[in-house]
Amino acid sequence: MGLPPRRPPGLVTRLLRRVLNPTFYLKAVIGLALFGLFILPAIADLANAAMKPVQAADGSCRILRVVDGDTVTLMCGEEGMESARLVGFDTPEKFSPRCLAEFVAAERAAWALR
Numbered sequence: 141m142g143l144p145p146r147r148p149p150g151l152v153t154r155l156l157r158r159v160l161n162p163t164f165y166l167k168a169v170i171g172l173a174l175f176g177l178f179i180l181p182a183i184a185d186l187a188n189a190a191m192k193p194v195q196a197a198d199g200s201c202r203i204l205r206v207v208d209g210d211t212v213t214l215m216c217g218e219e220g221m222e223s224a225r226l227v228g229f230d231t232p233e234k235f236s237p238r239c240l241a242e243f244v245a246a247e248r249a250a251w252a253l254r
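The sequence shown begins at 141 in this note's numbering and counts up by one.
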């Protein structure tokens, strides 16, 4: 005659199989790494832009983002969004580098201003 048909695994068995599967942990590590490398810094930049006002000659502006090592985008009350260059900084160009070393130096300068 044979054995009766097997019943499908229960909820607890399915959860245990999923948690004990190594690919579950690999997906979790990759997901956390992507979150930590991309999403978390973007959230921190937005929080910094919202919390740090910079005094201008005619009012206050907020730094929205660092475009280059010496260029920032500002949000001013009456004027709206403006691009400004920081005087006294001689930094390498980020968007038109002449070599890899200049690009790396520009990235470091942009991160230092965050």
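Hints are computed from structural coordinates only; laboratory data are not their basis. A portion of the hints provided could be inaccurate.
[Claimed, not checked] Cross-link-like lysine to any residue pairs, in silico, SDA-like; alpha carbons within 20 angstroms at most:
| # | residue 1 | residue 2 |
| --- | --- | --- |
| 1 | Lys-167 | Asp-185 |
| 2 | Lys-167 | Leu-156 |
| 3 | Lys-167 | Leu-155 |
| 4 | Lys-167 | Arg-157 |
| 5 | Lys-167 | Phe-178 |
| 6 | Lys-167 | Leu-177 |
| 7 | Lys-167 | Arg-154 |
| 8 | Lys-167 | Leu-180 |
[As the list claims (entries may be wrong)] Derived Cβ-Cβ restraints for the label pairs, each shown as a range:
| # | residue 1 | residue 2 | range |
| --- | --- | --- | --- |
| 9 | Ala-190 | Trp-251 | 16 to 22 angstroms |
| 10 | Cys-239 | Leu-160 | 49 to 55 angstroms |
| 11 | Leu-155 | Phe-229 | 20 to 26 angstroms |
| 12 | Gly-220 | Val-152 | 55 to 61 angstroms |
| 13 | Leu-240 | Asn-161 | 26 to 32 angstroms |
| 14 | Gly-142 | Thr-163 | 32 to 38 angstroms |
| 15 | Phe-164 | Met-191 | 46 to 52 angstroms |
Keep in mind the model is a prediction, meaning the values are calculated, not measured. Every residue gets a Cβ at the ideal spot worked out from N, C-alpha and C, and that includes glycine.
Hints versus structure:
1. Lys-167 / Asp-185: At roughly 26 angstroms apart (the allowed maximum being 20 angstroms), Asp-185 and Lys-167 break the hint.
2. Lys-167 / Leu-156: OK: Lys-167 and Leu-156 at ~16 angstroms, within 20 angstroms.
3. Lys-167 / Leu-155: holds (16 angstroms)
4. Lys-167 / Arg-157: Judged against 20 angstroms, a Cα distance of about 15 angstroms means the pair holds.
5. Lys-167 / Phe-178: holds (16 angstroms)
6. Lys-167 / Leu-177: holds (15 angstroms)
7. Lys-167 / Arg-154: Cα-Cα ~17 angstroms, so holds.
8. Lys-167 / Leu-180: holds (18 angstroms)
9. Ala-190 / Trp-251: 16 to 22 angstroms: The hinted range 16 to 22 angstroms holds for Ala-190 and Trp-251, with Cβ atoms some 19 angstroms apart.
10. Cys-239 / Leu-160: 49 to 55 angstroms: holds (50 angstroms)
11. Leu-155 / Phe-229: 20 to 26 angstroms: violated (55 angstroms)
12. Gly-220 / Val-152: 55 to 61 angstroms: At roughly 58 angstroms between Cβ atoms, Val-152 and Gly-220 fall inside 55 to 61 angstroms, so the hint holds.
13. Leu-240 / Asn-161: 26 to 32 angstroms: violated (41 angstroms)
14. Gly-142 / Thr-163: 32 to 38 angstroms: With a Cβ separation near 34 angstroms, Gly-142 and Thr-163 satisfy 32 to 38 angstroms, so the hint holds.
15. Phe-164 / Met-191: 46 to 52 angstroms: Since the Cβ atoms of Phe-164 and Met-191 sit about 38 angstroms apart, the hinted range of 46 to 52 angstroms is violated.
In this structure, the hints that do not hold are numbers 1, 11, 13 and 15, in rising order.
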